[in-house]
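Sequence order for the protein chains is F and P.
Here the first sequence is numbered in my numbering, starting from 12 and rising by one per residue.
Here the second sequence is numbered in my numbering, starting from 157 and rising by one per residue.
No lab work stands behind these hints, which were simulated from the structure alone.
Each hint should be verified, as a subset may be incorrect.
Said to hold, decoys possible - Under the rule of at most 20 Å between Cα atoms (straight-line distance), these lysine-lysine pairs were calculated in the PhoX-like manner:
1. F:LYS243 <-> F:LYS480
2. P:LYS350 <-> F:LYS524
3. P:LYS556 <-> F:LYS556
4. P:LYS325 <-> P:LYS556
5. F:LYS83 <-> F:LYS125
6. F:LYS83 <-> F:LYS243
7. P:LYS563 <-> F:LYS99
8. F:LYS478 <-> F:LYS243
9. F:LYS16 <-> F:LYS132
As the list claims (entries may be wrong) - Okay, the calculated bits of chain P under chain F, using three or more residues with CB under 8 Å as the criterion:
10. 454-461
11. 468-481
12. 573-587
By construction, the Cβ of each residue, glycine as well, lies at the ideal position given by its N, Cα and C atoms.
The residues making up each chain are set out below.
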Amino acid sequence: MTMQKKYDVIVIGAGHAGCEAALAAARMGCDTLMLTMNLDSIALMSCNPAIGGLAKGHLVKEIDALGGEMAKIIDRTGIQFRILNRSKGPAVRGTRAQADKQRYRLAMKESIEKQPRLDVKQGLVEKILVEGNKIVGVEINIGATHLAPSVIVTTGTFLKGLIHIGLVHYPSGRAGEFPSVGLSDNLRELGFELGRLKTGTPARLNGRTIDFTKMKNQPGDDPAPFFSYSEKTHPLPQLPCYLTYTNASTHEIIRNNLGSSPLYAGIIKGIGPRYCPSIEDKVMRFSERERHQVFLEPEGLDTEEYYANGMSTSLPYDVQTMMYRTIPGLEAVEIMRPAYAIEYDFAFPTQIQHSLETKKISGLYFAGQINGTSGYEEAAAQGLLAGVNAALKIQKREPLILSRSEAYIGVLIDDLVTRGTNEPYRMFTSRAEYRLLLREDNADLRLRHHGRNIGLVSEDDYQEFVKKKARIDHEVLRLHAVWVKPTAEANNLLAERGSTALVAEASLEQLLKRPEMTYADISRISSPPAPLDPAAAGQVEIRIKYEGYIQRQLRQVERFASLEEKSLPDDMDYDAITGLGSEVKQKLNQVRPISLGQASRISGVTPAAISLLMVALEKRKRGRA
Amino acid sequence: MNEQDTICAVSTPPGEGGIGIIRISGKDAIGIAAIVFRPGRKKKLEAAPTHSLHYGRIVDPSSGEAVDETLVTIMRAPATYTREDVVEINCHGGMVPLARTMALLLAAGARQAAPGEFTKRAFLNGRIDLAQAEAVMDIISAKTDLAHRSANEQLLGGLSREIASLRDKMISLLAAVEAGIDFPEEDIVTGTGKPLGAEISEVITVIDKLSSSYVFGRILRSGLGTAIVGRPNVGKSSLLNALLKQDRAIVTELPGTTRDVLEEYVNVMGVPLRIIDTAGIRLSHDLAEQEGVRRSLATIDSADIVLVVLDGALSLAPEDRRVLGEVKGKKAIAVINKSDLPRKLEKIDWPDVQISLSCRAGTGLDDLRNAISEFVQKGAVGPQEHPWAVNQRHKLALEKSLASLEKARAASEEGLSPEFLALDLRDALDNLGMIIGATYTDDILERIFNDFCIGK
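Working from the sequences, and respecting the hints, build out all of it.
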């Protein structure tokens, strides 16, 4: 049966990628359908009840600057907010929040249900319908067909998901849910190359059976920081996390039971993330460590469930219980949900373009874990871009492709499509070569204009941003222009801060450049016509204090941009280029880079190969002229 | 590889005669040339009309020391080979001033051109027609192959191990810094317990050593130390005189060296030889004299290359055997003199090159020159278009790397947040990457996950 209503965009899956994709497409005016296997699992946090952290917080702020949803929902449903690396420089500070898992899910579900032009339906997609190399729709398991010219696949860990708990394993997309088997086979039939990854999650413990007095209390920051540029309050009460440690007994139990770990028994074939190893991996690989951290994170306000961060494992259920009970505070703990490992299919991301549209099938987009990534934030970022680009394509506009020099989202997608991945890909600040420019604090300055151009940022929000930007620019100019005489008043303040006294006139800018001086001090010496809000004041301070480093990175970006601007046409015939090695040709054919810059980042493509491409490009241009 | 850069390279074949031309191309070509050029008349290079010739001197701007007398040609875009501003510097003083001028230009902001890069620019800027495009590509790939081969050969040796361990150390440092940035909640100790500044200092020391140990750098500064040894009357002095007669170094002023009366300078196919005349310290003649023996041995020991002279017209004497024994393990060439006379000398057990020549008749000297030049190319610098370029490039990369590390150390000592010194460490690795390949992002992550227990 073909359903009457014809959609512009169909989103398969309602996780963190699917939600952003569906909301973005609908908000950009597309009739959108979101299909999920289970309406009660929309935006479910399958693993950590937390959002943000280093580089991930950056992604969330970028999502917000572009007009996505994640930041707003976590601000409304977070129960602890902190800034990590507060003692370090502004570029590497990351906001992190604990979420009330159920409230987060419900708040996102509400946004989706209330969103005009967006239908959400329960149904398992079995097949993607393709004519020629174009998408026409999807077929679901209850015998219905939905039609649309674009489909976004955001299937998370569900493609042929296989859960392992000890030597027991069974097909499942997530604890307690079915896997998606038909779609995986269907993607293979459509010619996609799929690989296998593995991830895992620790047990959920009953807080009633935990002795928190034996653990270190970890409260959030006060005042709690925000992710979203538009949220003004955190409505929920705030809760602490707790820190405890494993010990020799824990490690002994693990060592004695390795035989029943599917990881060590060689049953799990998928590749797991190195930055998130199971506790058995940590104990075996770092045998000299006497203890490992265990963070207990509350899963919500109305639940006793605690997430045992750091204790992901695939050991059998009985061993898990014994192992957890060796930990101080967990002597009498009851497991509510056991830890498990899960294997799932992903599509090698070199099969997609920067727009996240597949190279093979026009109108088909992949976002989230299907592209080999890990993490809610990485998924949401891709979901947002996939939704935006599907909508832009319907509107016959150019796709939104963010550069490595303007956003972590740009780094994320460029890494995936250029270099591919063999393990679950997570964002780190060290992946961003222009890290000092890509800060949480300036995500709006970097990306708000894109959000407005695509139509996801409202005019009101945009005008507020324009005003903020103007305030910052004016204040920077003022600090440059205003000179202070060596008055007693100024020198008293300098003395208070342990700064050397003025003997001649100095500009406010020069004073602010002194490490011991803050913007607040400067505005005491000479205040602006209207006081700046903290965010704007922060920008002024960063721009002046770190000017040297910022200029240095801007120069690097300039050099980078010159190769990025040289685009390589779709139909470039790499095989016909004299002098290119066969390995280089093969890689270029596989990735089909959009620019010389992207080509230069493919592993194995040498500067000489880039020179050859440059000449070939010019030759082609002249041949056509 | 950036098209905005101003590039420079020696555009004449190496080692031929006394004149060499350095070509500079790019938007800053004239400005960069002006930094190192002092005109003979008070005429600024920047104001010079296009296609004009200027007499003056190349001067080290930091010391004011004159490096060479030159003629400089200014050619303004677009009527040039590359259609960019082009400057050509004609160096007259042979290889040493040529190399020093290159070094000054690189320091002034030019970049060493990649193989085929001038031609590539000529093509990209529309100077060469389409029919020649294939030829351009052939040049790039062929020259790159050569450069690659030479770089690889070099990297197979001891240098490779040194650079690899240096890179390894720098990646460890960066991994520790990055782990501290990206995993603030992990219970990990990043670092060895030593302050980071001290760790960086250790790397700096290694680079310093490496960069100053470059054979070629030393050759440029002080010439290739060449010892002529042999028992009396085999023709050592005749050999020296024969070489001096034709090749006496044009340069009379070599920086950083004091001329010893016992040393003579000879320019062999562009390679400066500093010949240590052992006439006064004969190994065999004063065998009983302890001091003489000691000095002879020291001379052989400190030489980069030893020319062992034998008399081809006589059979091998015990003293000859002794000399041959002393030079075992050294880079040495056996020079069998008096080839104009009937050969009496037996076949000698000699693993290295043997050259037959006659100092008196002046025959066979070219063979010796070739052998010396080949020795330098193989042993010291590798078979490259410009035999010294690889080393010059390595040294420059090492120096840049060093400068970045010094910045990182300063940032660490000032107590700046780690991401700032990470930027300097990355620059240092990027510069090292000019020698050994540029990618390292994956290596850093790999190192972090190997060395630190991450997994909150």
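Legend entry - Hints not upheld, ascending by number: 2, 3, 10 and 11
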